[in-house]
Amino acid sequence: MTSSPLSSPSQIFNMDYQDALALLVTIRDMAIVQFHRIPGSAILTRYIKMSYQHDPARSVIELCLVIFAIQYLLAPKYSTQKKNFVKLRPDEVDELIEDWTPEPLVAPLTEFEQEQIDKTPVIAGPTGTKVKLTNGRTVTNLASTNFFNLANQPALAESAITTLRTYGVGPCGPPGFYGTQDVHVDCEQDIAEFIGSEACIIYAQAFSTISAVIPAFAKRGDIIVVDEKVNFATQKALQLSRSTIRWYKHNDMDDLEKVLKKVEREFRGRELTRRFIVTEALFEDGGDVADLGTIVKLKFQYKYRLILDETNSFGVVGETGRGLTEYYNLPATDVDMIVGTLATTFVGGGGFCCGSKEIVHHQRISGLAYVFSAALPAMLATTVSEIIKMLRENPENFITPLRENIKTFHAALAKTDTLTITSSLINPTISIQLNGKREMSNDEQDRLAQDVVDECLANGVLVTRVKRIALPAGMSKGPKWFGWNPAMVVKVYVSSGFSKKDCEKAGSVIRSAVTKVVGKKR
Amino acid sequence: MPDGGPSRLHSGSVSKGRRRRSSSIIYVEPPETIEQLSDQVALPNLNANWVNNKGAWLIHPVCIAGLKIFYDTIPGVSQETSWTLTNITYMVATYLMFHYVQGIPFEFNSGAYDNLNMWEQMDNGDQYTPSKKFLTSMPILLFLLSTHYTHYDLTFFVVNCMALMSVIIPKLPSFHRMRVVMPWSQTIEEVDGEEPS
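Same order as they appear, the protein sequences are chains A and B. The first sequence begins at 1 in the UniProt record's numbering and counts up by one. The second sequence begins at 1 in the UniProt record's numbering and counts up by one.
Think of the hints as simulated: they come from the structure by calculation, not from any bench. Keep in mind that this is a model prediction, so the values were computed, not measured. Virtual Cβ for every residue (Gly too), placed ideally from N, Cα, C. There may be inaccurate statements among the hints.
Listing some non-contacts, in silico: residues in chain A with all C-beta distances to chain B over 12 Å [claimed, not checked]:
no. : residue
1   : 58
2   : 81
3   : 215
4   : 242
5   : 253
6   : 459
7   : 502
The calculated DSS-like cross-link candidates involving lysine-lysine, where the alpha carbons are at most 30 Å apart (straight line), are [claimed, not checked]:
no. : chain 1 : residue 1 : chain 2 : residue 2
8   : A       : 303       : A       : 407
9   : A       : 500       : A       : 130
10  : A       : 77        : A       : 119
11  : A       : 119       : A       : 130
12  : B       : 133       : A       : 49
13  : A       : 500       : A       : 437
14  : A       : 77        : B       : 171
15  : A       : 236       : B       : 133
16  : A       : 219       : A       : 130
17  : B       : 133       : A       : 77
18  : A       : 357       : A       : 119
19  : A       : 415       : A       : 389
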């Protein structure tokens, strides 16, 4: 046909079209035959025929769904995680490795740091009110938290040795895993009875006590209202808890109420979460007293729980040493969690948390430092029990001389404008703020405080100063750093073991050292 | 003091991320912070991982069959109603489980998943994973079956179709971490974006 010269292009097209159509029909017929051979094809045909039912719109919806399902099933998997790295070629990787010079894990010491290490006084023999240094000199020790001078008592040492013979040194296991001994249970009961709370739990390390207590109760979404000057351990606890933190101005009860009101307004109508107020009893930074009476009132009014860090006050504050609740004549049960240390006044080790039975019981399975640390050595627990017994029998033997000594120190130091005592009269840790020049760099401030400490030591009085905690690498900027940055503070730890004369003498040594060093720099 | 006292700054958690524009009703969950991520990977997510276990797929057809038998046994329920009820029950149950409930009912990562529902927790948020494919095709299959057995009655079709859409739309990859916030609801607003005064 195609050979005919008369055939027009349209004819050719027509012919081809006919052929193609015939071919298509054949293919369709073959496909139908093949389709009918597939098992279940009859059901599918019937299903489609029935689905149609003179309603094309519905069939279109169903068809779309089927197409969507098939498309979904065939789509390749992908990750929605943001990839925040650059893909490098192997030669680029090699080049970077070549270029890289590792920094030392620990930065080399600065001249000032080296000097401090060289000059650190080392005590030979046991600690006490008077100590002998390795260089042979005997100095007055005002740098140890031995407030009742119990660190070297023969009676206590003897009972500790007896316990050691019976129980050995360490319990070799966490409290929940064969670590608890009868002396721990007794010690917990003694502390709870002494403070006047329902129950108590002891932790093996003082610093990690509060960082176990707070995260055991607070998690993301919970609200914690905190005094802005809380100590470093508490700051770490707050960070670990992942809670929403709101700060109030240091010891400013109006600001606290303002913050509580603001929180109430902001979180109204939301899912109710746990709310806490956290404060220290005697502040590590500054040494002043928290206004517990008002805080407790506000806590009840706004329905918060109160966590009180009694690290510096337990044993030494209050008529019988029961802490800040006694000082304010409040029942200890008004404070939901009282956290304190057994390592200072009680010359043992570890920390404790007092509260209701439920609060204590909850920590036994979710206080991380309790669950995952070995229990307190038995002899430390018995020592604490012994001291509590002594304190309960005649508190005036301890508290009265300590009070007298603090007063004497305050009087001896108060006569100069080169220093300011920021700590309260009930605080045996006297914080001496040096009134140096305002515009001093951090290094100059540290140097000044260190010079005062050195000058005191040269005159036979051992005192210490507050050191900054340097910013970790990579945390220099941004709001995530809590920090510990007190400036030019010399600390004096008063003990009941000193005579009035000792205190006056040491006080005048410190005062003249401050006048000499700070006066020179002004 | 020149720079005394700890610098008063807020916690390490999200700050400006969860602040919602009051005018918009669509809200996209911001990416996790370092703290949240490290808490998330501290332990395997037991809440979401079981969907990949053996038997987790089989339970779906078994439950659907169980529901169908249950509704069939109720006297006076026609085949059409029975299929529709089965469909609706399955859709509502899976919606609640995968898309409504957020966070993890157990406490093992200090609430690091509090802002994510189970569908977003599954497979670390990866899309088109085998489990997600299965869980998406399951309601579609059930819908096609139930419309077939309701004999294409328009009312039943509309009801079933809406039930299906309520579980298919939140499963779409483009709706990942997306929330619809009603203007009057206060559930998501700035939580700790406050600067210290």
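Now for the hints, and whether the structure bears them out:
1. The claim that residue 58 (chain A) is not at the interface with chain B is violated, since a C-beta of that chain comes within 12 Å of its own (minimum 6 Å).
2. Once the 12 Å rule is applied to beta carbons, residue 81 (chain A) is inconsistent with being away from chain B; the minimum gap is 7 Å.
3. Its beta-carbon lying about 7 Å from the closest one in chain B, residue 215 (chain A) breaks the requirement of being farther than 12 Å from that chain.
4. Not every C-beta of chain B lies more than 12 Å from that of residue 242 (chain A), the closest at about 5 Å, which undercuts listing it as non-interface.
5. Against chain B, the non-interface label of residue 253 (chain A) holds: every CB pair exceeds 12 Å, the least being about 16 Å.
6. The beta carbon of residue 459 (chain A) sits about 27 Å from the closest Cβ of chain B, which is more than 12 Å, so the claim that it is off the interface holds.
7. No beta-carbon of chain B is positioned within 12 Å of the beta-carbon of residue 502 (chain A); the least distance is around 31 Å.
8. A threshold of 30 Å between alpha carbons decides the hint, and for residue 303 (chain A) with residue 407 (chain A) the separation of about 38 Å lies outside it, so the pair is violated.
9. For the given pair, residue 500 (chain A) sits about 14 Å from residue 130 (chain A) by alpha-carbon distance, which is consistent with the 30 Å threshold.
10. A C-alpha spacing of about 64 Å is found between residue 77 (chain A) and residue 119 (chain A), which places the hinted pair above 30 Å, so the restraint is violated.
11. Distance restraint check for residue 119 (chain A) and residue 130 (chain A): the Cα-Cα separation of roughly 19 Å lies within the 30 Å cut-off, and the hinted pair is therefore satisfied.
12. For the given pair, residue 133 (chain B) sits about 28 Å from residue 49 (chain A) by alpha-carbon distance, which is consistent with the 30 Å threshold.
13. For the proposed pair residue 500 (chain A) and residue 437 (chain A), the alpha carbon gap of about 33 Å is over 30 Å, so the pair is violated.
14. Between the alpha carbons of residue 77 (chain A) and residue 171 (chain B) the distance comes to roughly 14 Å, so the proposed pair stays at or under 30 Å and holds.
15. Of the pairs offered as hints, the one joining residue 236 (chain A) and residue 133 (chain B) is violated, with about 44 Å between alpha carbons and a cut-off of 30 Å exceeded.
16. A hinted pair counts as satisfied when its Cα atoms are at most 30 Å apart, and residue 219 (chain A) with residue 130 (chain A) does not qualify at roughly 47 Å.
17. A hinted pair counts as satisfied when its Cα atoms are at most 30 Å apart, and residue 133 (chain B) with residue 77 (chain A) qualifies at roughly 10 Å.
18. A threshold of 30 Å between alpha carbons decides the hint, and for residue 357 (chain A) with residue 119 (chain A) the separation of about 49 Å lies outside it, so the pair is violated.
19. For the suggested pair residue 415 (chain A) and residue 389 (chain A), the alpha carbons sit about 39 Å apart, so the restraint of at most 30 Å is broken.
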